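Undergrad: Each chain is listed here by its residues.
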Amino acid sequence: NAGVMQNPRHLVRRRGQEARLRCSPMKGHSHVYWYRQLPEEGLKFMVYLQKENIIDESGMPKERFSAEFPKEGPSILRIQQVVRGDSAAYFCASSRQGTNTGELFFGEGSRLTVL
Amino acid sequence: KQEVTQIPAALSVPEGENLVLNCSFTDSAIYNLQWFRQDPGKGLTSLLLIQSSQREQTSGRLNASLDKSSGRSTLYIAASQPGDSATYLCAVVTGTASKLTFGTGTRLQVTL
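Here the protein sequences line up with chains E and L, keeping their order.
Sequence positions in the first sequence follow the numbering used here and run 1 to 115.
Sequence positions in the second sequence follow the numbering used here and run 1001 to 1112.
Bear in mind the hints are in silico, worked out from the structure with no lab data behind them.
The model shown is predicted, which means the values in this text are computed figures rather than measured ones.
Errors might be hidden in some of the hints.
[Stated by the list, open to error] With a Cα cut of at most 30 Å, we get these calculated DSSO-like pairs of lysine-lysine:
id	chain 1	residue 1	chain 2	residue 2
1	L	Lys1042	L	Lys1001
2	L	Lys1001	E	Lys71
3	L	Lys1068	E	Lys71
4	E	Lys44	E	Lys71
5	L	Lys1001	E	Lys27
6	L	Lys1068	L	Lys1001
7	E	Lys44	L	Lys1042
8	E	Lys44	E	Lys62
9	L	Lys1001	E	Lys44
10	E	Lys51	E	Lys27
11	E	Lys62	E	Lys51
12	E	Lys71	E	Lys27
13	E	Lys51	L	Lys1042
14	E	Lys27	E	Lys44
15	L	Lys1068	E	Lys62
16	E	Lys51	E	Lys71
17	E	Lys27	L	Lys1042
18	L	Lys1042	E	Lys71
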């Protein structure tokens, strides 16, 4: 049973470009979460999605960031017009149930560097 | 607003020693608490999940306890090994929130 798969593992973008990060949850998991880990800081929640629905996006910056989890295919975290402050590790996690009862499993992360 | 604190921030112990990592949280209305391990440049590995109705969970050399009323959890590692060297994170789910609130972690080094 493959774990949570994220790609790319490393991504380099110049300021103003777009970054797209993909996440395939574990088999049988329909709940997906994105977290961001800034250098020397803890993980911060960004967004929680179930298939085709955004459940909680309270941690997402209001501009330039968007997330989706289509009926078919991986979840995508999209960052438009990237800035240096977006450089971070972006982690995806999935669970079979919501986090109120379910255990969360994390991917290896996508490390974004903005030049 | 939930805040999670982990003490100490860093810890170095010789191989074979038993050790305790501490986690405290300000809002005791949690659904569950989860301990993770993070190796440098890697993702998070789930170690133990404790539901709010439970007092402890055990997995191998690891034992996690939860005292919800006092807002504390401890992770006990028995007979530490160099392979245990990593950053240990605790995280809680609070109230009706669907998200984990993480502590900043304890960086553990087990020396030979």
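Undergrad: Given the hinted pair E/Lys44 and E/Lys62, is their alpha-carbon gap at most 30 Å?
TA: With a Cα-Cα distance of about 15 Å, the restraint between E/Lys44 and E/Lys62 holds, given a limit of 30 Å.
Undergrad: So if I understand the rule, the pair passes when the alpha-carbon distance is 30 Å or less; does L/Lys1068 with L/Lys1001 pass?
TA: holds (16 Å)
Undergrad: Mind checking the alpha carbons of E/Lys62 and E/Lys51 for me, to see if they're no more than 30 Å apart?
TA: Holds, because 22 Å separates the two Cα atoms, which is no more than 30 Å.
Undergrad: Next pair to validate is E/Lys27 with E/Lys44; report whether the Cα-Cα distance is within 30 Å.
TA: holds (25 Å)
Undergrad: Is the Cα-Cα distance between L/Lys1001 and E/Lys27 30 Å or less?
TA: violated (33 Å)
Undergrad: Hey, E/Lys51 versus L/Lys1042, does the alpha-carbon distance stay inside 30 Å?
TA: Satisfied, since the Cα-Cα distance of roughly 26 Å is no more than 30 Å.
Undergrad: Could you grab the alpha-carbon distance between E/Lys71 and E/Lys27 and see if it respects the 30 Å cut-off?
TA: holds (14 Å)
Undergrad: Just to be careful, I want the Cα atoms of L/Lys1042 and E/Lys71 compared with a cutoff of 30 Å; is the pair within it?
TA: holds (28 Å)
Undergrad: Can the restraint linking L/Lys1068 and E/Lys71 be considered satisfied, given a maximum Cα separation of 30 Å?
TA: Roughly 38 Å between the alpha carbons, so the hint for L/Lys1068 and E/Lys71 is violated.
Undergrad: Starting from E/Lys51, check that the Cα of E/Lys27 is at most 30 Å away, please.
TA: With Cα atoms ~13 Å apart, E/Lys51 and E/Lys27 stay inside 30 Å; holds.
Undergrad: Run the distance test for E/Lys44 versus E/Lys71: straight-line Cα separation, threshold 30 Å.
TA: Holds, because 26 Å separates the two Cα atoms, which is no more than 30 Å.
Undergrad: Would the pair L/Lys1001 and E/Lys71 pass a check requiring their Cα atoms to be no farther apart than 30 Å?
TA: Given pair L/Lys1001, E/Lys71 is violated - Cα atoms ~33 Å apart, limit 30 Å.
Hints 2, 3, 5 and 15 from the earlier list are contradicted by this structure; the remaining hints agree with it.
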